[in-house]
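Respectively, the protein sequence lines represent chains P and B. The numbers in our numbering rise by one with no breaks, and the one at position 82 of the first sequence is 82. The numbers in our numbering rise by one with no breaks, and the one at position 9 of the second sequence is 9.
Simulated from the structure, these hints should not be mistaken for laboratory data. Bear in mind the structure is a predicted one, so any value in this text is a computation, not a measurement. Do not rely on the hints blindly, as some may be mistaken.
[What the hints assert, rightly or not] Facing chain P, from chain B, some residues (calculated, C-beta under 8 Å): (1) L91; (2) L94; (3) R99; (4) R105; (5) E106; (6) K108; (7) T113.
For each residue, glycine too, the CB sits at the ideal point set by N, CA and C.
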Amino acid sequence: MANSSEASRLKEETWFQRIVRRPEIGAFVVMVVIIVGLMFASDGKAFNALGLKNNIKIISQFGIIALGAAMLMIAGEFDLSIGSMIGFAGMSMSLMLKWGLPFGLGEATPFMAFALTLVMTLGLGWFIGTVVVRSGLSSFIVTLAFLFFLRGATEVGFRLINKSTQVSGLQDFKEDSWFAHFLGGELFGWFYDAWYWIGMQFVDLGFDRKEQWFTLGGNINRRGEQWVEGFDARFLWFIVISMAAYFILSRTQLGNWIFATGDNKDAARANGVPVNRVKIGLFMFTAFCATMFAACQVFDTNTSDAAKGNLMELFAIAIAVVGGTLMTGGFGSIVGVVFGAITVGLVSNAVFFIPQIDGAWFRVFVGTILLAAVFANERIRKRITGGI
Amino acid sequence: MTEPYMRVENLVKQFGPFTALGGVDLEVYPGEVHALLGDNGAGKSTLIKNLAGVHQPSSGQIYIEGKPVNFRSPRDASNAGIGTVYQDLALNPLMSVTRNFFMGRELKGMFGTLRMDEMNQIAHDEMLTIGIDFSDPTQAVGTMSGGQRQTLAIARAIYFGAKVLILDEPTSALGQRQQMGVLKTMMRVRSRGDIAIIFITHNEIHSKLVADRFTFLSLGKVIGQGTRETLEGGEIRRLMAGGAELGDLAKELADIG
Ligand SMILES: Nc1ncnc2c1ncn2[C@@H]1O[C@H](COP(=O)(O)OP(=O)(O)OP(=O)(O)O)[C@@H](O)[C@H]1O
Ligand SMILES: [Mg+2]
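If we strip away everything but chain B, and leave its shape as in the complex, we get (with noise of 0.2 Å):
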């Protein structure tokens, strides 16, 4: 078995009197897909936030290729290989495809000046490469799709070095078919077999799709792990819920009616 890229032992994360996370262990391999599961408030967010250097553990250590290793910032994360693509993005709408792509890391050549022809091609080869021919580079972001911008993020993380691509909840304001091209992208990325990926998600079915492991989370703790192939699909569906049994939904609901 090849070693985790990153494996997090313990991480206790406390927001004053608030536990948001009490104790997390979990392994990411590269070129797996790690599906991070859990109810809302969950903790899936902070977990990835501390990986992301965003937030700083209260205690637990964070160890990359069995080195120990601490985050102050964001940068120091993402230099360490750690891209995260947020909820938000964080794309600016009204600027370029390629600027965006750039963002703060602008190829610069003499005098500060930007290579913009070799910025755009690179910003389209990229994006290429893991899905999306989008032929027009200098467009602006804010006339994508949801699912383009999910892809230019993505391809951004890739191209600037992350060996950890961290998805919080990718697939949740997409459409069906859009949803399926974000699912498409992972898979892609996994394929290069060098990049772990941490997905969060909601929904089963896609988890299921793509996912090589499974952890999740309730209320700050890790109720169950494993992988594909030791969790079946009621389980998952369990511990998806916060480890208790949904019932007869149809029934609970005809119940209130």
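Isolated chain P, as found in the complex (with noise of 0.2 Å):
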């Protein structure tokens, strides 16, 4: 009995066991299921230089807005408005760059328009999150309102400035705007340049264009020459904002306070947590996430519509369930929601690889792992609790 400690009860893993036991193992496996047979289906053309860029985009665009959702849940709460923000980031700043700025300021500079769209835009999430903790009401409930609220306005301030709920042909900001460029247009042209210097070795050394469909696959013109110039902006913000909440939640104290607001908030409390100040912190993250969303789209495309982001923050809430986070927060794992964004967004591009395929199928599938996400989450939330 004396030597039997509480300490000898615990088993060594081994390393597989370890790692079979990690949150994120789930998405993981999905993950490269997905990546495996999409590249099979698509004769590897999901994957050649072309696809590879496309399909980084989208996954960016999934990636932004659930890290956002993800923190914000594992602090405990829900962001329904995420949608409606993009929206309403959307216009706000179309509107300043082909109106110019309120109250006659002149003229809208790209950084102008967006700062001004931010400070809006973190001040509703402020307001946001503040409703939430001082009513106490669920935030389903309170963002659901901000979900109608911020879509009408969008509508409303579209039609009152812009008599159309649309804003198309802006001038092409990146072109001489640094700022726009690192919104709006391609970066990492170093990545394509090597690979297309690659291809075209192997070309010189007299292998047919055809087999290096790796590294020239859609990167070539029809006269030979580099076409794909690099991953869209939207993937650098991916990577800081993904890399930012990684290291937050796992090597700071405010990492520390969020799992503890989400996890028991009157423990955390009573313990000096700032549980209310980390939550309308996430809500303003949220809409922080949301309006990067919408300025990389405004600034690549030059356009913005009343109807943008539209059930997007369904998909970010989703993709962070499939990435294991828990609904009922104080758990979940940055890297899962990476795995999450990368399978959802190679999902919903498939069609345009695999043309044959119904593109309907896409939300099917989201269902379908969403629902066996829960269903897994659940059991890694039992696990940790001893099984209540």
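Join the two chains into one complex using the hints; note that each chain is given alone, in its own frame.
See below:
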């Protein structure tokens, strides 16, 4: 009896057991299956130079908002207003770019349009968060109200100022504003330059161009010149936001506070964690993510319309859950969310690479993995909490 | 005789028209276990919430080392060395032992990063000194037993400078063996000599095993106080029941059936 301490009851795990028990393992396996399946089904087209660019664009879009949603869910709240916030931010920026700054302050530079919009959306995020923590109401219902409110306000705003609910044909700001370029332009050009160079080396050695599908596929125009110039700038923001989120959650005091807030907020409060400030801050963070989403879209396409971002809040939540985030808060994995964004992004794009399938299967797929993920997450939660 | 670390004088707490505490006096000494006993609703939890800054007294005064203090928040109280372990322990089951241990008071390095290795080491060592060898401080609290959680909450309060450790029914939800574990933990803390423990319990045996001093509450008033030497067994039992004679329990029960 004397030498059987509690510690000795803990079995040493092998690295394999430890990996299998990680919360993101499900999302990882699904992602690998999708990547391999898509590779074969599209004859590699999904991952040639052009396919990679298109896939990473949509993955980054999903990823940016899913990371915001996941952080907030870990702190125990939902935000259903993300999609409407995207529409609102897009409207705000495009109208400023087209009609000038409000109050007759003159022409809007891309930076001014972005900064002013961000001030507004962060203010809205702060307000939503404050309403949630002050009222003690469920964030589900409060943000549902803002889903309607903001979408309506976006449409009204468009009609009042612009007479129509869309703006198109904006000047191509990314041409001469580096700021717009970093939101809507193409970055990481060196990646494609390198790919092109490698491919051409093989061509010079006498290999057929067609065999260089990985490096040159979709990367070359009819005249044999390089065509794809880089990844969308979204990719950069996806990387930046995911790294920041990972770092904050796992390595900082704020991360500990976010987990504590979502797990048991009374316990967190009793230990001096500023629970309300954490939550309000994260509502502002989702608003920030929505604004980045909208800014990349506006400066990429030079257009905007009142329906932008529709349903995106639900995709964001679905991806967060697929990535292993608990609906009840207190637990989640940024790495899992990244896997989830890759999976959902690839499948949503699959129809372009495999034209014979019906694009609507995408939603069937999302519904299926979402349900599977909810069950898997529940098992993880039970295991951690000892089965209650 | 040593000075009391904390002294409570004529503390009154009213909730609207309801007087939860009607003038309570209390003295707690370092290196002693002070048992706070009384029936359900006697006002024990209300008293310690006043001491812990959760409630503000309606009147009366709390003194720490002879100086009058007013706690406006739990923060104030914990800064003054009052460490409270509530019945629900204020733990987060999904988070690791270490993350719980340092919740709200994390050790930060440059750029606000957590000094995780150091925190793991401290959490492990602190829990070891008061009784459990928890080999893996990265394990989630949800998988710990009730007694281990109690130990974690106590170790945490002590590490963060508690001079008065308030334990609200720490043994009530535990099995026999774990109850003994918690009592042992209390005795280890007591033997340090610099920490006063307020121990709330309904269990007569437990209080007699560890307490040096007793206070009995009934209907918000102190109905008896004394040291282990001045009180004897029968008296303790009578006071615990709110001053009434329990009589022949077996006979009363038999009469009903
Ligand atoms: N916030 C409050 N508002 C109104 N009445 C309260 C409040 N808190 C406690 N009371 C009342 O004060 C009395 C004392 O309650 P308290 O919780 O202190 O009892 P206790 O001695 O801890 O009982 P138990 O042994 O059951 O834990 C009870 O009658 C309770 O209803
Ligand atoms: Mg009580």
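Hints, verified against the model:
Satisfaction of the interface hint for B:L91 is found here, the shortest Cβ-Cβ separation to chain P being roughly 6 Å, below the 8 Å cut-off. A least Cβ separation of about 4 Å between B:L94 and chain P falls short of the 8 Å threshold, and the interface hint therefore holds. Taking 8 Å as the C-beta contact cut-off toward chain P, the hint placing B:R99 at the interface holds, the least distance being around 5 Å. Because the beta carbon of B:R105 sits about 7 Å from the nearest beta carbon in chain P, less than 8 Å, this interface hint is met.
Annotation: interface hint on B:E106 holds; nearest CB of chain P at approximately 4 Å, less than 8 Å. The closest approach between the C-beta of B:K108 and any C-beta of chain P is roughly 6 Å, which is under the 8 Å cut-off, so the hint is satisfied. For B:T113, the interface hint holds, since its Cβ comes within 8 Å of a Cβ in chain P; the closest pair sits about 5 Å apart.
In summary, this structure violates none of the numbered hints.
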